[in-house]
Amino acid sequence: MLDFLFGQLVATHATFDVVTLSDRTTQALAEDPWLAAGYALLGLAGVGGFLSLLGMALIYVERKVAAHFQCRLGPMRVGWHGMLQSVADAIKLLLKEDIIPDRADRVLFLIAPVFSIIATTLGLILIPMSPSLQVVDLNIGVIFISAVSSFGVLGILLAGWSSNNKWSLLGAMRAGAQFISYEISVTLSLLVVTLFAGSLQLSEIVQSQQDGWWIWRGHIVGLVAFFVFLIASTAELNRPPFDLPEAESELTGGFHTEYSGLRFSFFFLAEFINMFIASALAATLFLGGWMPFHIGGLHTFNGLMDLIPPGLWFAGKTTFIIFLIMWVRWTFPRLRVDQLMRLEWKFLLPVGFINLFAAATLVITKLYFFPW
Amino acid sequence: MDITLNPADLTHTIAFYTLALTSIVAALIVVTAKRIFRAAVALAVVLICGAGFYILLNYDFIAGVQLLVYVGGIVILIVFAVMLTSSLESIEEPPSLGRKALGLFSSLAFLATAVIAFSETKFPLSSISAEQPKDVAKAVGRKLLDYGAGGYVLPFEVISLLLLASVIGAIVVARNPKRKNEGSAT
Chain A
1 MLDFLFGQLV
11 ATHATFDVVT
21 LSDRTTQALA
31 EDPWLAAGYA
41 LLGLAGVGGF
51 LSLLGMALIY
61 VERKVAAHFQ
71 CRLGPMRVGW
81 HGMLQSVADA
91 IKLLLKEDII
101 PDRADRVLFL
111 IAPVFSIIAT
121 TLGLILIPMS
131 PSLQVVDLNI
141 GVIFISAVSS
151 FGVLGILLAG
161 WSSNNKWSLL
171 GAMRAGAQFI
181 SYEISVTLSL
191 LVVTLFAGSL
201 QLSEIVQSQQ
211 DGWWIWRGHI
221 VGLVAFFVFL
231 IASTAELNRP
241 PFDLPEAESE
251 LTGGFHTEYS
261 GLRFSFFFLA
271 EFINMFIASA
281 LAATLFLGGW
291 MPFHIGGLHT
301 FNGLMDLIPP
311 GLWFAGKTTF
321 IIFLIMWVRW
331 TFPRLRVDQL
341 MRLEWKFLLP
351 VGFINLFAAA
361 TLVITKLYFF
371 PW
Chain B
1001 MDITLNPADL
1011 THTIAFYTLA
1021 LTSIVAALIV
1031 VTAKRIFRAA
1041 VALAVVLICG
1051 AGFYILLNYD
1061 FIAGVQLLVY
1071 VGGIVILIVF
1081 AVMLTSSLES
1091 IEEPPSLGRK
1101 ALGLFSSLAF
1111 LATAVIAFSE
1121 TKFPLSSISA
1131 EQPKDVAKAV
1141 GRKLLDYGAG
1151 GYVLPFEVIS
1161 LLLLASVIGA
1171 IVVARNPKRK
1181 NEGSAT
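Here the protein sequences line up with chains A and B, keeping their order.
For what it's worth, the numbering used here labels the leading residue of the first sequence as 1, then goes sequentially.
For what it's worth, the numbering used here labels the leading residue of the second sequence as 1001, then goes sequentially.
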């Protein structure tokens, strides 16, 4: 248990053994199928529980952050400082009537939220939270995450279409256009880190940052890739200032106008967990994930930094990026559709391509910091 | 026949048949659905099952690319095109007799070709554990840029040229020709 929390403490260069839950399952499968089943069950229950608890926590945090940005207090009545507000809201949502519009495409209307939540779950299981806290560690992690994130947008498109409502359809089409455009920039900045690390596996990308995080080891290129990733993934998350798919002042609720109760909460939950996934991915790729703050060569310093457990490093970095995304939400006004498209195609995309070239040059010439 | 119940093989087999059944049912929905949007969603399911087969064969990279390109790109584009062109209430008209006959003929011909091809070919690998490629992504990358024997650098470059041509073509088609002499002659 202590090992689980603290990783291994080595004075010079801490080496972390990554053991994922799926590794444990495969190992146990040969000897003890029941243990394997237990691990699989634990993984499922853990992911499910994490999904709902994190969703509620993030909604609470968002409301509090928003309130304090606007010099209000936010939820204060239910529980201490409104801590239980999300629980109350969840119960309310579950008890609401589930309405299916009369002329909707029933089948598609019912499966659309499921698509969204499955995509989110599939993304979540890949996130390396600590050397021993990761469900699956595919060797194509980066590709897999960008592949499953497209399922989520498929869910949004289905929802907008099957609702048989003009607002929903408009919202869904905006979501689709936005996703297809910004996906390119996200992929380009993911490729930069893949080039640096020489691997698509998330745990290996974390391990490759042992001498320093990519955001500053790759100096300018790393920094540019980080900001491109942050902007483009905020757009993919449909969060303000890129929340055109649901733009409540124009489209009432966008793609989820017709949804209520449990099905609406699926979309809501998926959106917030996707924010966590994007932040965790940014932390993993650019800020070292669970890797402590290391400076190549300074053994004493690195040893001291290793005293802080990897899980805490991951949590801290991810929280910071989540806060950044929330900060942006309450600071910038919503973009128009043409501004949104111009930002991507005329600014982010060229910057991304130039940055990728620069990254390739950097890797070949080994000009980044600590090239050993 | 001796059946040994190795749990790893068992899960493998169960996964295979689940995927196979799902993809056959979804493929039938693709061709029989009266609403074109449902057909597109069923197509997505077929493609996802295809990715599942690649994973069962340990080709994770190909599976990821399949999802990224086909589900994330092509199906979303199809869905997008359907959204722009038709509405929820529009239902496909049943095809005419001639088209039905033509479809039947071509599908039967394809079935015959596939059956003949599969029955003629000898597959040297029949067990799962025979060969487990380690890092497929790296191997594929090296093959694509290898200009020696067995390398694919020429087809790779030809395909990238083709893609570039189609990108430029799309821009030319999408460009508004009126824009050029805007302001001068109205």
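Source of the hints: derived by calculation from the structure; they are not laboratory data.
Just so you know, these numbers come straight off a predicted model, no measurement behind them.
Among these hints, one or two may not hold up.
What the hints assert, rightly or not - List of simulated lysine to aspartate or glutamate pairs, EDC-like, C-alpha gap at most 20 Å: (1) A:K166 <-> B:E1089; (2) B:K1034 <-> A:D105; (3) B:K1138 <-> A:D105; (4) B:K1138 <-> A:D89; (5) A:K64 <-> A:D89.
Hints and how they fare:
no., hint, result
1, A:K166 <-> B:E1089, "holds, 13 Å"
2, B:K1034 <-> A:D105, "holds, 12 Å"
3, B:K1138 <-> A:D105, "violated, 44 Å"
4, B:K1138 <-> A:D89, "violated, 48 Å"
5, A:K64 <-> A:D89, "holds, 15 Å"
The structure fails to meet hints 3, 4 from the earlier list, while all remaining hints are met.
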